[in-house]
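**Student:** Using the sequences and the hints, build the whole thing.
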Amino acid sequence: MSHPLILPMAAHVALAAFLYVLLTVARAPAIWGIGRRADGGNPWARIEPRISANLSNQFEWPLLFYAACIILMQSDAADDALALAWIFVGGRVLHSLVQILTTNIRLRGAVFTINFLAVIGLWAMVVLG
1 MSHPLILPMA AHVALAAFLY VLLTVARAPA IWGIGRRADG GNPWARIEPR ISANLSNQFE
61 WPLLFYAACI ILMQSDAADD ALALAWIFVG GRVLHSLVQI LTTNIRLRGA VFTINFLAVI
121 GLWAMVVLG
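Using the UniProt record's numbering, read the sequence shown as starting at 1 and increasing by one per residue.
What the hints contain is simulated information worked out from the structure, not anything from laboratory work. A virtual CB, placed ideally from N, CA and C, is assigned to each residue, including glycine. Hints may contain errors.
As the list claims (entries may be wrong) - Here are the computed distance ranges between Cβ atoms for each label pair: (1) 45 x 76: 47 to 57 Å; (2) 31 x 128: 42 to 52 Å; (3) 38 x 74: 51 to 61 Å; (4) 24 x 63: 21 to 31 Å; (5) 35 x 86: 33 to 43 Å.
**Tutor:** Put into structure tokens, the structure is as follows:
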């Protein structure tokens, strides 16, 4: 059986994969001409840069999430870390929704705090564990 921390890590990978698919769909009108408006415009033009930026964000702070999880998988504290790992993933999903669907920078920052604190908590467990 795989380690319990693999599931939240896999969930984040699934989120990144979904964002790649979404970005491909958003770029399809401009790149392949699929789904263009009658005037030739891309109906996703306003949201495409936000999807792209969010996808890039999935390879920044989450790197520290993966590192902490991998270290914790080798320790006795791994079971205690599971809740923080899921909080991180939930926060990433929420952050993606806010970043892609709104332009509210304050809300995005507040939601990012969830991810930030979850990873800090995981690293505290690494250091203190």
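**Student:** Take the hints in turn and mark each one as holding or not.
**Tutor:** Verification of the hints:
1. 45 x 76: 47 to 57 Å: For residue 76 against residue 45, whose Cβ atoms are near 51 Å apart, the range 47 to 57 Å holds.
2. 31 x 128: 42 to 52 Å: Since residue 31 and residue 128 have Cβ atoms about 49 Å apart, the given range 42 to 52 Å holds.
3. 38 x 74: 51 to 61 Å: Holds, at about 58 Å.
4. 24 x 63: 21 to 31 Å: The hinted range 21 to 31 Å holds for residue 24 and residue 63, with Cβ atoms some 23 Å apart.
5. 35 x 86: 33 to 43 Å: holds (35 Å)
The structure shown violates none of the earlier numbered hints.
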